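**Q** Sequence:
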Amino acid sequence: MADLQTPLVRPKRKKVLVDYLVQFRWILVIFVVLPASALIYFNIYLGDMWSAMKSEKKRQKDHEDNVQKVVKRLKQRNPKKDGLVCTARKPWIAVGMRNVDYKRVRHFEVDLSAFRNILEIDAERMVAKVEPLVNMGQISRATCPMNLSLAVVAELDDLTVGGLINGYGIEGSSHIYGLFSDTVVALEIVLADGRVVRATKDNEYSDLFYGVPWSQGTLGFLVSAEIKLIPIKEYMRLTYTPVKGPLKEVAQAYADAVAPRDGDPAKVPDFVEGMVYSATEGVMMTGVYASKEEAKKKGNKINSVGWWFKPWFYQHAQTALKRGEFVEYIPTREYYHRHTRCLYWEGKLILPFGDQFWFRFLFGWLMPPKVSLLKATQGDAIRNYYHDNHVIQDMLVPLYKVGDALEFVHHEMEVYPLWLCPHRLFKLPVKTMIYPEPGFEHQQRQGDTSYAQMFTDVGVYYTPACIFRGEEFDGAESVKRLEQWLIENHSYQPQYAVTELNEKDFWRMFDASHYEHCRHKYGAVGTFMSVYYKSKKGRKSEKEVQEAEAAILEPAYADEA
Numbered sequence: 001m002a003d004l005q006t007p008l009v010r011p012k013r014k015k016v017l018v019d020y021l022v023q024f025r026w027i028l029v030i031f032v033v034l035p036a037s038a039l040i041y042f043n044i045y046l047g048d049m050w051s052a053m054k055s056e057k058k059r060q061k062d063h064e065d066n067v068q069k070v071v072k073r074l075k076q077r078n079p080k081k082d083g084l085v086c087t088a089r090k091p092w093i094a095v096g097m098r099n100v101d102y103k104r105v106r107h108f109e110v111d112l113s114a115f116r117n118i119l120e121i122d123a124e125r126m127v128a129k130v131e132p133l134v135n136m137g138q139i140s141r142a143t144c145p146m147n148l149s150l151a152v153v154a155e156l157d158d159l160t161v162g163g164l165i166n167g168y169g170i171e172g173s174s175h176i177y178g179l180f181s182d183t184v185v186a187l188e189i190v191l192a193d194g195r196v197v198r199a200t201k202d203n204e205y206s207d208l209f210y211g212v213p214w215s216q217g218t219l220g221f222l223v224s225a226e227i228k229l230i231p232i233k234e235y236m237r238l239t240y241t242p243v244k245g246p247l248k249e250v251a252q253a254y255a256d257a258v259a260p261r262d263g264d265p266a267k268v269p270d271f272v273e274g275m276v277y278s279a280t281e282g283v284m285m286t287g288v289y290a291s292k293e294e295a296k297k298k299g300n301k302i303n304s305v306g307w308w309f310k311p312w313f314y315q316h317a318q319t320a321l322k323r324g325e326f327v328e329y330i331p332t333r334e335y336y337h338r339h340t341r342c343l344y345w346e347g348k349l350i351l352p353f354g355d356q357f358w359f360r361f362l363f364g365w366l367m368p369p370k371v372s373l374l375k376a377t378q379g380d381a382i383r384n385y386y387h388d389n390h391v392i393q394d395m396l397v398p399l400y401k402v403g404d405a406l407e408f409v410h411h412e413m414e415v416y417p418l419w420l421c422p423h424r425l426f427k428l429p430v431k432t433m434i435y436p437e438p439g440f441e442h443q444q445r446q447g448d449t450s451y452a453q454m455f456t457d458v459g460v461y462y463t464p465a466c467i468f469r470g471e472e473f474d475g476a477e478s479v480k481r482l483e484q485w486l487i488e489n490h491s492y493q494p495q496y497a498v499t500e501l502n503e504k505d506f507w508r509m510f511d512a513s514h515y516e517h518c519r520h521k522y523g524a525v526g527t528f529m530s531v532y533y534k535s536k537k538g539r540k541s542e543k544e545v546q547e548a549e550a551a552i553l554e555p556a557y558a559d560e561a
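Residues 1 to 561 in full-length UniProt numbering are what the sequence shown spells out, letter by letter.
Bear in mind the hints are in silico, worked out from the structure with no lab data behind them. Honestly, I wouldn't trust all of these hints.
With a straight-line Cα cutoff of 27 Å, these simulated BS3-like cross-link-like pairs (lysine-lysine) come out [to be verified]:
hint: 1; residue 1: K431; residue 2: K480
hint: 2; residue 1: K81; residue 2: K537
hint: 3; residue 1: K267; residue 2: K244
hint: 4; residue 1: K69; residue 2: K81
hint: 5; residue 1: K69; residue 2: K57
hint: 6; residue 1: K427; residue 2: K521
hint: 7; residue 1: K267; residue 2: K248
hint: 8; residue 1: K370; residue 2: K348
Ranges between beta-carbon positions, derived for each pair [said to hold, decoys possible]:
hint: 9; residue 1: A38; residue 2: K297; range: 52 to 60 Å
hint: 10; residue 1: P246; residue 2: S206; range: 40 to 48 Å
hint: 11; residue 1: D193; residue 2: R469; range: 52 to 60 Å
hint: 12; residue 1: S206; residue 2: N78; range: 26 to 34 Å
hint: 13; residue 1: P311; residue 2: F468; range: 38 to 46 Å
These numbers come from a predicted model, not from an experiment. From the three backbone atoms N, C-alpha and C, an ideal C-beta is built for every residue, glycine too.
Put together the whole structure using the sequences plus the hints.
**A** Printed below as a string of structure tokens:
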């Protein structure tokens, strides 16, 4: 690896019109996107309150009626005339960054917009039954006052249950509970032929239960999910620990926070998160649930980070580099959504002055802008600019390779801050699309157990430093090299991001065997597009649609070297 302190020398880049459109995009955000976002958030909140006022019996009845509408709509499709099936959601509404260009050609739409209700919170079974468009803000608003929570609560309010199950979801508690999909108890799915089934890990549809995660909704329509609940306390006792040194030492300090070297389970925190601010500096955060009584003891500091005027969380955490290690208590729900207001650190690019006190105090209550509105107002030119000159990627890598991943990202992209979040990757009864390294249980590496390998999400979200220096950056080629690094290191790229993978390499990264088994067994072939086709970058041609309908697909390459 090259000297990390010496940036690569790249050719200078000439500014073009789109550079200025991006530079002054904040004007549109201030006067259009933020006010519109506030109105949409308020409207959604009113809808959530109206739903909560309904009786549980009424919500279940409405749910059953809406499921029958989906069944009826599917049965109206003529396979010989209509395109492949997808939801009626507009392409720009999705939170993910990949293009939803498959909706720009012939397709058969099914409207799922009514599925946004919490159907039941069962404190005895410790299960929440929810519809797929229920988001994290909505569910935490309902459960936290009961001192209950989903085992994994993805940080951003707008992330939905359906997206986190069909795709990927993670949180600082994932080093205990795994990814969001690992906390699911049961799935209610409408299959291609209109059948409605309930899949669990031990019933007749167990193969479907294990096949749905990472399938991007290409096996059927998810219409409800039962998800594990855990007991919580009112506050999070959060310890901020600064780390200074080479990236490999930063990675080791992070691994020690995730899995103490002495293996004492009592020392494993409830939450772990790391942020790397440069090639020599990072802050590790470990959280433990704490009662209201403990938090309010004399001498303890309570920090309500959810107030609109508070410093953005990643900047607040960064102060540990100067202050040294410190501890504070954060209200639990506010901790869960600590990155929402500034969209991690992307808010700094969207509104360069958004972190200033005057803006936070006067307008911070309008934050964050809805990602869907940002996408709807950017146009193709700005969208392509971000693909070429900006990075939004996650790398799911084994814990023991985090140091290598950090050095790769520094050398290839030089993006900071970086987000580190651990998660268990469980050894399951079937080989799903993502799976641990073969034989990991015999290596006895830090963080691993006999039943799960410890992985880490390395979140790469920002503009590369070379862009700020006025140098060239080829985003597509850089992502290609990142993807090849992931393939070579038994690592994974979540599919919400823009991918440059061709079909062969896609199935080298992911395993196709169980997914294809489910596709054929449950009639998805010829009805729903394949997950590769759905994730593929760029516009999809009518010819590709016809080939997908006829199941003329390249072979899966999961077993190739």
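**Q** Hints the structure violates: just list their numbers, smallest first.
**A** Structure breaks hints 9, 13.
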